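Here the protein sequences line up with chains A and B, keeping their order.
Using this note's numbering, the first residue of the first sequence is number 1, and each one after it goes up by one.
Using this note's numbering, the first residue of the second sequence is number 1, and each one after it goes up by one.
Accuracy of the hints is not assured; some may be wrong.
[To be verified] Below, a list of computed lysine to any residue pairs in the SDA-like style, where the Cα atoms sit at most 20 angstroms apart:
1) B:K35 - B:E16
2) B:K35 - A:K258
3) B:K35 - A:Y230
4) A:K109 - A:P31
5) A:K109 - A:L121
6) A:K140 - B:E16
7) A:K241 - B:A47
8) A:K81 - B:D25
9) B:K22 - A:I239
10) A:K258 - A:I239
11) A:K81 - A:K140
Please keep in mind that the hints were generated in silico from the structure rather than gathered at the bench.
Just so you know, these numbers come straight off a predicted model, no measurement behind them.
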Amino acid sequence: MELILYVILLAFLFEMMDSSAGMGFGTGLTPLLFLIGYDPLQVVPILLISEAVTGITAGVFHHEFQNVKFSIKRPITKETKIMLMIAGIGCFAIFFSVIITYYSLKLPKDIIKVYVGILVLFMGIIGLIRLKHKVRDTYKPKLLTGFAALAGFNKGIGAGGYGPVVMMGQLFSGIYEKTATAIVSLAEGFVCIVGVASFLLISSYGVTIDFVLLPSIFTGGFLAAILSPYIVRVLPNNIWKLVIPIYAISMGILTLSKVFLL
Amino acid sequence: MQMEEINLQKNVFSDEVGSIAKILDSEMTAFERMKMTRHNLIRVSGAVIFYLIMMLIFAALF
């Protein structure tokens, strides 16, 4: 077993942001690991396996540190229902996305990624404008369902950006920032379980997965998944109101730069 | 004020989304929110043990 220090640090950093701002583990870490020289089959399934564990861990600790109240017994809380709805749409989307990739269906990937990059960038900017105007909506479940469907559609056609769209969608739908982060962390955990299952299905048809990065990414990601919910709890919500849209803007720029620079 | 006391005093079973986080933010300072309960520490210890077991499994597999 090999532990690679810079991979541990990168995984820790991006999982810290993912579990506290609800986005960025896949969008941020994947292109960096590609740039370092790792292959897609060394990166993508390993990130899915790691995020499945770290997403659920972060969700459990968000609940433990009272950023959210999930329930497994009746009465089911609204937060749990929202998480299940987001996770359900995401699970369907990631399965569809992996199947598309496997059958190499020809979709205009660059155009789709530009669309998602602009969408995320735009949502981040709107988030900052809303902050300036101190908009605080009441909870709008129909709007949230629409954003979850939009995020699922994007992921389903292989464009990514699921975390940023669903995270900003929650904020636009009136969900408290700390709670929105917790919901998306746990939902992503469940989505990644389906992603892993889809990859294992593909690997049974002859695609080989390289596990060399798993111990390093798991180490960085898992430690961040414990620490991040604690930091979310301690820091005032006003900080997350600012950090989340700014980070969404940076993810939008990163998505666009991947298309135009890589 | 201890978290458990807040839970008793406030209606944490409120169906409002995010009510528990809002209550903590409004009732406690950031410094008070830093304090961990015994239950929190047990959960963190459990997670660390889980991590160590996973690393042993990875060491055996890879």
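Now the hints, each set against the structure:
no.	hint	verdict
1	B:K35 - B:E16	violated (25 angstroms)
2	B:K35 - A:K258	violated (42 angstroms)
3	B:K35 - A:Y230	holds (10 angstroms)
4	A:K109 - A:P31	holds (15 angstroms)
5	A:K109 - A:L121	holds (18 angstroms)
6	A:K140 - B:E16	holds (12 angstroms)
7	A:K241 - B:A47	violated (29 angstroms)
8	A:K81 - B:D25	violated (23 angstroms)
9	B:K22 - A:I239	holds (14 angstroms)
10	A:K258 - A:I239	violated (28 angstroms)
11	A:K81 - A:K140	holds (14 angstroms)
Violated hints, in rising order: 1, 2, 7, 8 and 10; the structure is consistent with all others.
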